[in-house]
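There are 2 protein chains.
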Amino acid sequence: MNSSINSKYIQPKTKEIDVEEYVHKILSGDRVFLSKAITLTESTKEEHREKAGEIVEKCLPFSGKSIRIGITGIPGVGKSTFIDNFGAFLVDKGKKLAVLAIDPSSVKTGGSILGDKTRMEKLTLLDEVYVRPSPSGGNLGGVAKSTHEAIILCEAAGFDTIFVETVGVGQSEIVVNYLVDFFLLLIIAGAGDELQGIKRGIMEMADAVLINKADGENLEKSKNAKAEFTKAMHYFSESDSGWSSKVEICSATTGFNLDKVWDIIKNYETYSKANNYFNKKREEQNAYWLYQTIEDELKNKFYHNNKVIDLIKKIEKEVKSNMISSFEAGKKIIKIFTQNNK
Amino acid sequence: MNSSINSKYIQPKTKEIDVEEYVHKILSGDRVFLSKAITLTESTKEEHREKAGEIVEKCLPFSGKSIRIGITGIPGVGKSTFIDNFGAFLVDKGKKLAVLAIDPSSVKTGGSILGDKTRMEKLTLLDEVYVRPSPSGGNLGGVAKSTHEAIILCEAAGFDTIFVETVGVGQSEIVVNYLVDFFLLLIIAGAGDELQGIKRGIMEMADAVLINKADGENLEKSKNAKAEFTKAMHYFSESDSGWSSKVEICSATTGFNLDKVWDIIKNYETYSKANNYFNKKREEQNAYWLYQTIEDELKNKFYHNNKVIDLIKKIEKEVKSNMISSFEAGKKIIKIFTQNNK
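In the order they appear, the protein sequences are chains A and B.
So that you can map any letter, position 183 of the first sequence is 183 in the numbering used here, and since no number is skipped, the others follow by simple counting.
So that you can map any letter, position 312 of the second sequence is 312 in the numbering used here, and since no number is skipped, the others follow by simple counting.
The set of hints was computed from the structure by calculation and includes no laboratory data.
Hints may contain errors.
Treat identical chains as interchangeable: a pair holds within one or across any two.
[Said to hold, decoys possible] Taking lysine to aspartate or glutamate and the EDC-like style, the derived pairs with C-alpha atoms no more than 20 Å apart in a straight line are:
#1 K307 with E297
#2 K313 with E328
#3 K45 with E248
#4 K331 with E283
Extracted from the complex, chain A is given alone in its bound form:
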């Protein structure tokens, strides 16, 4: 720690904080430093991500002790209200909660434009909760990777429950499977129910399907939907965990059945820890991010190579107009890259 303190005195105007200081602050639960470190993981600058990598590396031994819950559902199912009230319910139970979001489209669709402070009124007032909006822009793979790092950082900062929220836009639900222990799908009863599933194709991935807004005159419809979806679940092949997905109704607004939702998650945790699937899944996730990193770095080196930059657009044009086959063109530019790289 000395070096960082010294450097502060020697260069009082620099904002550069060193890795040790980041780690120290994060481990002590400092949210400002937690946020800054997460920002580094999201940076497009190589040097920032280098630094982020070192911080994550040093936080790693202090991570892993939370339950990581993925929450997804298309706009209109009441996801924000659910996270707000279910989160507050968990804080009441003594939990420390971090809410992360994956929404690479947030700038384009305006999905997060309202701001998470408006979306989650209760949570933003609670000291036990850390809400982190999705990084805007960037590609899904990049956003997901930095979310994996953010999870490690949040755990090191003492959060024992992690929500990873996705907006229902297809691919992001698939990638969330590489981030969380438990996958929760929110839907609502009513016209076009089946379509919510069809458009997503993620019913099979869900560890629990929650039919939200089961209140007032919607309650009966929700009960029917529960019966329908429970039946539907039988068509799916058994999951790797051996866990059979649960279907439940709830109302985030009234708080109805939120305790049952928590019971389901706790049961899953007990179940999957008993058969060791919990650990196995996390190990596989780690391996997944290793190979993702490798492949990203390989591509990174390739597409930032000057010779490649000079040629790639020309070759793409040739391929599009059938002057050369995709395969020959690919091999050709790889050869140029390899020679150039030597």
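We have chain A; now place chain B onto it with these hints.
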């Protein structure tokens, strides 16, 4: 051509056929050589794929003039019968048809074990039809890539209509989108309709949804399903082509409405050629396979590097047991690879 003829006389026992001879035979419509060339594209041997690449390259100027139709649907929808009878219907109209299949799971699930000769009784008797079973084993990306090459070879051999059949196992329907002009989804009416869609998540991708087995007492149900799915289509966002997906009922067994199916495909072709989407999609597909080739080759070089082979399992183990973060481990091994590669 001389060199190949010469080499035959000089080395009478060699089975090595040169690229020129392959191309010549394929262009003359020789199916034995077409099959052999496709086998080369599927090979795991580098030298075979090199040769395949050269053959494809030389066939490229003679390709592209067919309509490429993707046909998908889960087992039980009558896909084989549909392909058999719809194919025969097209041959009657003077078409030359090649049927390719994508089924990376064919060995495991036994999906193709019955053999395509049993599955497509009519087509295998027709001179105008070439049926090529899916390469068994291998990964989906590899199978799809060799299918892209097979399409070029079949077109060069004079086939003007290409079917690409996938078994409904999820990802293969997505990759088929990078192979074909028109995407046909077969379903059947009845219990669990919506589930066929839910499990696949590909309704949105379909240019036409065909409700098959619309005969006998199933006809009424099929008509109802048509109404339901037509309604459902409105929920989907507009496709890039501007084409609104069609829903139709048919019976492959009785031949009912097969002419309408063909009308839909012809209409799509006219429509998408008029607004230039047809060409644009093919151009984008070419670019897609360029970048796939590049990334495959990059990974290929990495994972076949001796230093990497020595280290990767050890590093994966360390990552799984949280001894090192995925990101640091990834960067570390890339560094070793890059140094080793110099």
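Right, here's what the structure says about each hint:
1. With identical chains, the CA atoms of K307 and E297 are at most 20 Å apart both within one copy (17 Å) and between copies (17 Å).
2. Taking the shortest Cα distances, K313 and E328 sit within 20 Å of each other inside one copy (15 Å), while across copies they are farther apart (32 Å).
3. Taking identical chains as interchangeable, the C-alpha atoms of K45 and E248 are never at most 20 Å apart, the minima being 44 Å within one chain and 52 Å between chains.
4. For the identical chains of this complex, K331 and E283 are inter-copy neighbours only, at 19 Å across copies versus 35 Å inside a copy, given an alpha-carbon limit of 20 Å.
Comparing the model with each numbered hint stated earlier shows that hint 3 is the single one that does not hold.
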